[in-house]
Amino acid sequence: MEFRPRDYEAEEVASAVPRRPAPDHPLALLSSPSSQVLPDFETVAVPREKFSCSNTITLSPITDAIMRNNKGKNAGYKTLADIHMEDLDDPESTVKAEIKVITRQEYVSRLQELKGEINQAWIAEDRIRALKLSIKVARLLTDTSVCQFYPTLFTLVVDVMDMLGNLVWERIKKRAEYADDRTPVCSLPENFTSDDICSEAKETCYNWFCKIGSIHELVPRIYLELSILRCWRFLEDSFVSIIERLVMMMRGLADPLASAYCHLYLSHCARSLYLRDDGYLIMSLGDISILLRRVLLDKETVGHHSYKNKYFLINLIKPAIDWIVKCIFTKGYQNASNILVEFGVGRDLSVSTRKFSCVSVVLHYLLKHLPADVISNNAVEIIDFIEQNKDMSVESHLDYRLLGHKLYGSQHSLSSVCSVMRRIMQVLGQYDNLNEYLIIADAYLDIILLYSMENYLAIILDGILKRAHVNQVDQIEMENLQSILVKIIDHFDRLEDVLAMEHFTAILDFVSGSSRNTVYINILHKATRAGRIGDPTRIQFLFEVSQILHESIDTPNMNDESQRKADLISRFVGMVNFGAEWERHLSFLGESRAAFGSIDELKYVLVHSSNNLAVKSIRDKKKFLGFLKSCLAFSEVTIPSISDSIQRMNLYLETAEIALFGGLISHSEGLVTSAISCLECLNMTTGSHSSNDVDQISSLTCKLCSLLLMIPGNHEEGSMCLIRNLIATLQCHSLASSKIKVQVFCAIISLSAGLSQKKFLYHAKNMEVISNDQLYFGDRSFDEELSSIASLVLQILDDVIKQEVHLVTRGRLALDACNCLLVSFKTSHELSLKCSSLIDIAKSCLHPKEKYLQSTVSLMDGLSSNLGDQVAASLGSTSVVQH
Amino acid sequence: MSKIELRLSRPSRVYRRSESIEGKIVTVLTSPISYQKIVITATGTVNLQIRAGVTGVIDSLYGVVKPIRILKKSFQVASAGKLGSGKIETPFSFTLSAEENDTIATFYETFHGGNISIQYLITADVMRGYLHKSLSTALEFIVENDSANLIMSPQLLEFVSFYITQDTQKHQLLPELLTGCFRVTGKILTQCSLKDPITGDLTVEASAVPIDSVDIQLLRVESILAGERFITDTSVIQTTQIADGDICRSLTLPIYVLLPRLLVCPTLFAGSFSIEFHVSITVSFQSQLSKLYPKSDLRTPRPWMAKVTIPLKVY
Numbered sequence: 002m003e004f005r006p007r008d009y010e011a012e013e014v015a016s017a018v019p020r021r022p023a024p025d026h027p028l029a030l031l032s033s034p035s036s037q038v039l040p041d042f043e044t045v046a047v048p049r050e051k052f053s054c055s056n057t058i059t060l061s062p063i064t065d066a067i068m069r070n071n072k073g074k075n076a077g078y079k080t081l082a083d084i085h086m087e088d089l090d091d092p093e094s095t096v097k098a099e100i101k102v103i104t105r106q107e108y109v110s111r112l113q114e115l116k117g118e119i120n121q122a123w124i125a126e127d128r129i130r131a132l133k134l135s136i137k138v139a140r141l142l143t144d145t146s147v148c149q150f151y152p153t154l155f156t157l158v159v160d161v162m163d164m165l166g167n168l169v170w171e172r173i174k175k176r177a178e179y180a181d182d183r184t185p186v187c188s189l190p191e192n193f194t195s196d197d198i199c200s201e202a203k204e205t206c207y208n209w210f211c212k213i214g215s216i217h218e219l220v221p222r223i224y225l226e227l228s229i230l231r232c233w234r235f236l237e238d239s240f241v242s243i244i245e246r247l248v249m250m251m252r253g254l255a256d257p258l259a260s261a262y263c264h265l266y267l268s269h270c271a272r273s274l275y276l277r278d279d280g281y282l283i284m285s286l287g288d289i290s291i292l293l294r295r296v297l298l299d300k301e302t303v304g305h306h307s308y309k310n311k312y313f314l315i316n317l318i319k320p321a322i323d324w325i326v327k328c329i330f331t332k333g334y335q336n337a338s339n340i341l342v343e344f345g346v347g348r349d350l351s352v353s354t355r356k357f358s359c360v361s362v363v364l365h366y367l368l369k370h371l372p373a374d375v376i377s378n379n380a381v382e383i384i385d386f387i388e389q390n391k392d393m394s395v396e397s398h399l400d401y402r403l404l405g406h407k408l409y410g411s412q413h414s415l416s417s418v419c420s421v422m423r424r425i426m427q428v429l430g431q432y433d434n435l436n437e438y439l440i441i442a443d444a445y446l447d448i449i450l451l452y453s454m455e456n457y458l459a460i461i462l463d464g465i466l467k468r469a470h471v472n473q474v475d476q477i478e479m480e481n482l483q484s485i486l487v488k489i490i491d492h493f494d495r496l497e498d499v500l501a502m503e504h505f506t507a508i509l510d511f512v513s514g515s516s517r518n519t520v521y522i523n524i525l526h527k528a529t530r531a532g533r534i535g536d537p538t539r540i541q542f543l544f545e546v547s548q549i550l551h552e553s554i555d556t557p558n559m560n561d562e563s564q565r566k567a568d569l570i571s572r573f574v575g576m577v578n579f580g581a582e583w584e585r586h587l588s589f590l591g592e593s594r595a596a597f598g599s600i601d602e603l604k605y606v607l608v609h610s611s612n613n614l615a616v617k618s619i620r621d622k623k624k625f626l627g628f629l630k631s632c633l634a635f636s637e638v639t640i641p642s643i644s645d646s647i648q649r650m651n652l653y654l655e656t657a658e659i660a661l662f663g664g665l666i667s668h669s670e671g672l673v674t675s676a677i678s679c680l681e682c683l684n685m686t687t688g689s690h691s692s693n694d695v696d697q698i699s700s701l702t703c704k705l706c707s708l709l710l711m712i713p714g715n716h717e718e719g720s721m722c723l724i725r726n727l728i729a730t731l732q733c734h735s736l737a738s739s740k741i742k743v744q745v746f747c748a749i750i751s752l753s754a755g756l757s758q759k760k761f762l763y764h765a766k767n768m769e770v771i772s773n774d775q776l777y778f779g780d781r782s783f784d785e786e787l788s789s790i791a792s793l794v795l796q797i798l799d800d801v802i803k804q805e806v807h808l809v810t811r812g813r814l815a816l817d818a819c820n821c822l823l824v825s826f827k828t829s830h831e832l833s834l835k836c837s838s839l840i841d842i843a844k845s846c847l848h849p850k851e852k853y854l855q856s857t858v859s860l861m862d863g864l865s866s867n868l869g870d871q872v873a874a875s876l877g878s879t880s881v882v883q884h
Numbered sequence: 603m604s605k606i607e608l609r610l611s612r613p614s615r616v617y618r619r620s621e622s623i624e625g626k627i628v629t630v631l632t633s634p635i636s637y638q639k640i641v642i643t644a645t646g647t648v649n650l651q652i653r654a655g656v657t658g659v660i661d662s663l664y665g666v667v668k669p670i671r672i673l674k675k676s677f678q679v680a681s682a683g684k685l686g687s688g689k690i691e692t693p694f695s696f697t698l699s700a701e702e703n704d705t706i707a708t709f710y711e712t713f714h715g716g717n718i719s720i721q722y723l724i725t726a727d728v729m730r731g732y733l734h735k736s737l738s739t740a741l742e743f744i745v746e747n748d749s750a751n752l753i754m755s756p757q758l759l760e761f762v763s764f765y766i767t768q769d770t771q772k773h774q775l776l777p778e779l780l781t782g783c784f785r786v787t788g789k790i791l792t793q794c795s796l797k798d799p800i801t802g803d804l805t806v807e808a809s810a811v812p813i814d815s816v817d818i819q820l821l822r823v824e825s826i827l828a829g830e831r832f833i834t835d836t837s838v839i840q841t842t843q844i845a846d847g848d849i850c851r852s853l854t855l856p857i858y859v860l861l862p863r864l865l866v867c868p869t870l871f872a873g874s875f876s877i878e879f880h881v882s883i884t885v886s887f888q889s890q891l892s893k894l895y896p897k898s899d900l901r902t903p904r905p906w907m908a909k910v911t912i913p914l915k916v917y
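Line by line, the protein sequences give chains A and B. Under the numbering used here, the residues of the first sequence are numbered 2 to 884, in order. Under the numbering used here, the residues of the second sequence are numbered 603 to 917, in order.
Bear in mind the hints are in silico, worked out from the structure with no lab data behind them. There's no promise every hint is true.
[Stated by the list, open to error] PhoX-like, lysine-lysine: derived pairs with alpha carbons at most 25 Å apart: (1) B:Lys-893 / A:Lys-212; (2) A:Lys-174 / B:Lys-797; (3) B:Lys-797 / A:Lys-133; (4) A:Lys-488 / A:Lys-467; (5) A:Lys-174 / A:Lys-133.
Take the sequences, apply the hints, and build the full model.
In structure tokens form, the structure reads like this:
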């Protein structure tokens, strides 16, 4: 068989798609709206991300309380028994003659039992018993002696109360909707008024209130009335006075814990009345404040139980306050600024006309839930107020932090921000504790950076330095410091500006451990975002940073964090650019290789960079050869250490190309040989490849073939030794997938066909590389060699296709081969025999209507009718399309 | 078995003066019976009984003072006939009014007290002649005063101020209470409708000794003329705690006590008996001593308690 002679220039003209200039850029329309949307989105997204937690999470106080309880000191399974044992140590409580010890689980299951009993009694129409049991349950809340357990107890009891409330509500509703003989009278609308209720139902309802009113103890009486609070809707249309009376009644609860949770239940139940007025919630807060103030001032015991730790008590009360304040604002409190006035914000303290005394824990939650605008409008007054109301219930720096976050989240004018910040900086100066200083500074840093208040930034950095050098920086402080540093790094566009700041590097030295890594990651990230890195001192700094990060990478088990570090280091090395100082760059690459040897992807970067340098040096033309050789040597040495064979092969080929480009034929040959040997070990090592890998391998091998067209033959080892080498390598691997084999062997046939042409399709760019078409022009032995290779490959192709087990694959492979043959060889009887047999294989395996099959058949028919070269050329291009 | 019962038109069974009481006698019989007549009787009586232990031995010998009849009304629903088997309803109705020849024209409200009870009953009798036992059943109905009267009268919200200090107490107090002062003030309603709660407020202005509890007690005072003199018995109807623990000073607490139904009636002064009510406000202080008497009655004066009692007029 003879190779088909090709006139590449004529073919290109014939098959070229005519090009026309487009009037508009296809993406022009799309880009304009997106550019408008983007900045908007960004400005909105940042604050939302910061504050979404507090605004959107609607955790019920109940779960919240439980969670807190579990998180507390007695996490998990500390039983009531243990707590009682602690009580025994307390001399006061030893008076108790007998202590009944039960575990928490028992307690909970007992309450569940009681709940079931109440339900049972109700179903059995024994409502008095249900009520009596409910009173018994509610009475449990009188006892606050085991205060750690109180929130859990509260949730359990409230659960029972809610159940009873629902039962009573349903019963009265039924009485209102049905007559005595169970015939429906009316159906109450959702927003019914008391006028819609018949007197019998009202009678029953009032009876319930009377029954509950006759309970002796205060706590169960309040809880039970709250549980059926909704039922007042059957009797009255205005509930403000009722709720206010209940709030007032709670003043009778001296125990702050019991009182706070009672108020919490009130706010929970009052929601069912759909009140517009929130005055009662403010009253609640005021009363809780009064009680807390008493706790804070009182050195003696308060209530039934002496709290050894007031902090602990306040921590238990916090969820209740949080929820009540949240209730105030979820209802859309109209005059949010009024509430501040009611609590005395912005008033002269000497005038003691305040309605409520404010405790900082209440203030803290007010700040947490107040709308950001209200806070920013009254910021200075609030700061004054925080200053005046410092007490131990909440540390004031937490208030300042909250305030800072809120201020950042709101819109305000520059002048107001300036006055607020001036005040804050005064306050900040008073904090000597590093941690508190850091927390406040961290909260206001966003504002400082947003308004570019560089002087304040300098003051803060100076302040940190002053407070930090004395004592050792601990873990929590480190985290805050980290947050501050990251924000600063994030803010500036260029790393140079950050590092140029006074004290920045000094403060950086305080950070260590994982915080240091995080900061360094940010530094590297910032540095690698800006473009090329050329300044030698900067490179030195970043190199050291990278070294530290590299040390922290845990190579055996790479997690996301380590992966990110490795990526950043690779990116940094890739972005380093010494400009014209190539030798320096190359030596830097060498240093990097020595320093970061364990990072695999860095090596790609190193090889790419050195290849890049090589290309630069080739372009520069002047005395390039020595440098080019050192670049190639660097690449050649680096590549073998890469573990991934496919990548290795890719890089070998890349380097081989560059060597060819530089005219270093023997280098190039050596590299191609290495690439082929890669292929060898590749197939050896892997049993099964993913389809992606298969594609990559075959495309790399095809690239290798196309490269071989340019590499001049070697006289000593025979002109085709590389090709034969490749064939031999592939043949060795009986396990390699037939798809790869067929593709590669087809590529070899195409390569042979290409080599047989009088004028090659392409040549090496370098003039020193003599192309094979010049080298062997008219050489008989060369042509014979080619045809022997072709016949050898044809034989192998035949075998491979026949060995393929999977029918559809076999058919497709046969068609692939057939197409390749039709394009590569001159039309002849032998060829048509060969092709017919391939098509027969395909026909036996594929559906007769398969398009690939049909087009291949038509191509063959067209060629065998010998329509001439032009048709062949155009069909050749269609067959390419078919691929 | 034959069954007989009474049903009234109102499920609450509450009726006012000169209202018509409608109802029916329901008989469920296994076999038909003949009767001579069916009679409905409405009675109202004041039962006076002196509990043993309230007074001396001699007084208790008097035992039951003769009940006072305030209503007796009897009429025939049906004359001789026959009741078939199965469920048969016989309706009746009458007006709740005094009979013209009756001397007592007052309908006291239904009341069940310790010594005095005022009760109204409807009895239905199916008379079956001498040879057969008559079928009969009884049902209590409740009489309330006409509320229209109350609306007509002006709302008298008469508050009385009270204060409790160590000086107002007649009994012996703890020494620490005497040395450290205390002062509890407030005001409370002294006239109150049955329907309304007792309201008021209370403020602990000062107390050197921590407070344990503040309770409001509703007391019932029943007096019965037995022989020559009145025998008076006071009993607690309801205790309501309004403060639990050592509450904040100068913080006003509300007093809000619902009157228990049936146990309270309008204050009543009849010739031979009277029913009055008192409100007592008790402040208990925290004391080691009180732990020795865990089940102590609030009415007994104790050294760790201070109290004030105010009469309450219920209408």
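25 Å limit on alpha-carbon distance, applied to hinted pair B:Lys-893 and A:Lys-212
violated, 30 Å
Hinted pair A:Lys-174 and A:Lys-133, Cα distance within 25 Å
holds, 22 Å
Quick one, are A:Lys-488 and A:Lys-467 close enough, alpha carbons at most 25 Å?
Distance of about 20 Å is within 25 Å: holds.
For the pair we were handed, A:Lys-174 and B:Lys-797, check the Cα-Cα distance against 25 Å.
holds, 22 Å
For a C-alpha distance cap of 25 Å, please report whether B:Lys-797 and A:Lys-133 respect it.
Answer holds: B:Lys-797 to A:Lys-133 is near 24 Å, not above 25 Å.
Hint compliance for this structure: hint 1 is the single one not met.
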